[in-house]
Amino acid sequence: MKNNKWRLGVPRALFYYYYGPWWETFFQALGAEVVVSPPTCKEIMDLGVSLAVAEACLPVKVYYGHAAWLVPRVDALFVPRLVSVEKKSFICPKLMGLPDMLRAALKPCPLIIDTTVNLARRPEEGLAAAVQGMAGALGIKGSRVDLARAAAEDRYHAWLAKQQGESMATAGCSEEEPASRVYRSFSSPGQESRDALQVGVIGHGYLIFDQFLGMDIPGKVQRLGGKVILTENLTPLQVETACRQLPKLLYWTLGRKIMGAALHLMEQENVAGLIHLTAFGCGPDSLVGDLAERYARRRGKPFLLLTLDEHTGEAGLDTRLEAFMDMLYRRRSA
Amino acid sequence: MKVTFPHMGHLWLILKTALEGIGLEVVVPPPCTRRTLELGVRHAPESACLPLKVNLGNFLEAKELGADTIVMAGGVGPCRIGYYAQVQREILRDIGCEYKMVVFEPPDVHFSEVWDKVKYLNRRPWQEGVRGVILAWQKACAVDSLEQEVQHLRPREAKPGQADAVFQQALGELDAAGSRGEIKKIVKKAKSEMAKIPRHGGGPLLRVGIVGEIYTLLEPLVNLNIERRLGALGVEVVRGLFLSRWINDNLFKGLLPLPGHHPEKTAPPFLNHFVGGHGWESVGDTVTFARHGCDGVIQLAPLTCMPEIVAHSVMPAVQEARGIPVMTIYLDEQTGEAGLQTRLEAFVDMLRWQKGRKAAERRGTYLQQKLFQGAENKCQKFT
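Protein chains in written order, with UniProt numbering: chain A, 1 to 334; chain B, 1 to 383.
For reference, chain A alone in the conformation it holds in the complex (with noise of 0.2 Å):
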């Protein structure tokens, strides 16, 4: 397709969480406008299940419902099909099929830019040839793309340490940042009290951040008097390290971070207890979770597992959030 100006859609929903800013910043540099999916809403959410197969997880239904949404006001759609982001580890099998699944179910089906993302092997060459791929499908070449590829990580690695560096209290970017769409901040300062319960919040990003999705838990928490932890507040390095303890190479990459944030975590004398947020369906998780509650039992850490589908109801999560709290506070005061 010939075009001088592409108006490109990116849902707001799986792997955006994680790298939006990269993925905005490198179409714009090469001249696309890129059209992000407004936050989840009811509406999307309904639109996503009645285009997922029953048996797909969440999120996934989830992502749908955000491509359905962008069809009808953009040229194309951007899907990235995602197998690999580092080294000997794998996203999920889903995401391996992401593109093909919405094309068989939109209809009328726009153009799907679909760059198959592989570093499991060389990632540097997986790498370059993902950039290549992307920028190629909008049929731009040389040095454009470079120069587009060395903007978008500059403005990724800010955003990553921007993340790490937060503290709990003062979270979230100012509003014309593109992140603070992705970023929220989950309390306002002030509220936290000296004596407040350290609560590790572990998950996939996508749940976590997404506010509709994930009911806003982080929030929820600190609302209850609680300081919420999550993985992006821990150096990679502490979530490697952590991670190591485990017999085998957890091979997926957000298993990782979760196993990794968790066994971290459940270290710390100063945290009080876990909540794992998870989507019904999630095959990964229902593996990584199990092992984290187990070692989280063995270490004697109270561990909260939440699991989300789009049948869950808000007040019986409120419910066992405040129960959770409560044992918390009972448990330090004892």
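It should be emphasised that the hints constitute simulated quantities derived from the structure, not laboratory data. Small disclaimer: the values here were computed from a predicted structure and weren't measured. Cβ coordinates follow ideal geometry from the N, Cα and C atoms, glycine included. Any given hint might turn out to be false.
[Unchecked claim] Computed footprint of chain A on chain B, listed as stretches where at least three residues anywhere in the stretch have a Cβ under 8 Å from a Cβ of chain A:
1. 262-273
2. 296-310
3. 313-326
[Said to hold, decoys possible] Below 25 Å or equal to it, Euclidean Cα-Cα: the simulated SDA-like pairs (lysine to any residue) are:
4. A/248 <-> B/110
5. B/119 <-> A/249
6. A/5 <-> A/136
[Said to hold, decoys possible] Among the chain B residues that face chain A by a calculated CB cut under 8 Å, a handful are:
7. 87
8. 90
9. 126
10. 279
Since chain A is already given, all that's left is putting chain B on it; use the hints.
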């Protein structure tokens, strides 16, 4: 050391031969039953996939028979099977069931990791061990060739169950067989017995391809004997996955010249990338079956199986483009016999009706066309 392993269809026969061949004492877990499943379900994570639960039940039942070492396969993703052993080890530890685990998987750093495991297990001079492995391979081929024969016979035999009885007896004999000559004799005898089974002269048979995740395809406990059920409904079952082929593809990396799967040729444009497990093969095989004139395809998968969900999601596109009806069945510990039977009967009825209509179209029989048009009009009135 008493070695055990997880069940998967007739895999026990082959593994037992191979492990005994290298001089180990083998405890075959009791055949999978509801009890196996219940034991596994009690201790496994709720949303883990079914094979993990059944295998855990196998280990617990084998423990009762005195097994102390587990030999099983692993993997390096992206499907969950590669992490089964790790989770199962922790579960067994938590419920106080002591086991030593030897997990065969692609080495993390160096090939010597695999070799160390083989050396740890091997109790005999290696020539004898190799002989045992070759014998096991021959048994795998024998089982598969007999099973194909049974699949062919089931819808045709006058009294259902006769072919299966011969097959079960042959399996027992194969288990005891100690040489290639014996295996050949058993296969020959079983085949001649099968040839004598009286057949009925019924009308044209339906052919249904079965695709999906290998465990649900091969293990009759979890698929509730779906192939026998289909056979009794007058359906000839074809399937692309057999143990010998799976062993060849996965353990020998396709070294042996067997007709294998080529999803990279058949699955695109519906699914353009491997997705772990057998998801790619499921889509590719569906296309192949459609090309070979199957009347329908049934996809089997354990509930929450990630690769099969991908395959399931693209099946509507395959159905539309290749004109073959596909029914996806997810199996878990809650699957009931009556529900499955009803779904199978409805699917087979639909296929038969469609086949009849197609035949009528081809023959152009005025009366039949009229009949079917009438039926269609009636349907339209109701909807």
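| message | Let's test the interface hint: is any C-beta of chain A closer than 8 Å to that of residue 126 of chain B? | response | Interface hint status for residue 126 of chain B: violated (28 Å vs cutoff 8 Å).
Pair hint residue 5 of chain A and residue 136 of chain A, alpha-carbon separation not exceeding 25 Å = 15 Å, holds
Exercise. The segment 262-273 of chain B covered by chain A? Criterion: 3 or more residues, Cβ-Cβ distance below 8 Å.
Worked result: holds (count 4)
Practice item. Would you mind confirming whether the straight-line C-alpha gap from residue 119 of chain B to residue 249 of chain A stays at or under 25 Å? Key: 23 Å, holds
key: Restraint satisfaction for residue 90 of chain B [CB to CB of chain A, less than 8 Å]   = The hint holds - residue 90 of chain B has a Cβ within 8 Å of chain A, the shortest such distance being about 5 Å.
Satisfaction of hint between residue 110 of chain B and residue 248 of chain A, Cα-Cα up to 25 Å
14 Å, holds
Within the segment 313-326 of chain B, is the number of residues with a Cβ closer than 8 Å to a Cβ of chain A three or more? That given contact holds, which follows from 5 residues of the segment 313-326 of chain B lying within Cβ reach (below 8 Å) of chain A.
**OP:** Given that the segment 296-310 of chain B was listed as covered by chain A, double-check it with a C-beta distance under 8 Å for 3 or more residues.
**Re:** That given contact holds, which follows from 7 residues of the segment 296-310 of chain B lying within Cβ reach (below 8 Å) of chain A.
May I ask you to test the interface hint for residue 87 of chain B with respect to chain A, counting a Cβ-Cβ separation under 8 Å as satisfied?
-> Holds. Min distance 5 Å.
Quiz item: Once the shortest beta carbon distance from residue 279 of chain B to chain A is found, is it less than 8 Å?
Solution: 6 Å, holds
Comparing the model with each numbered hint stated earlier shows that hint 9 is the single one that does not hold.
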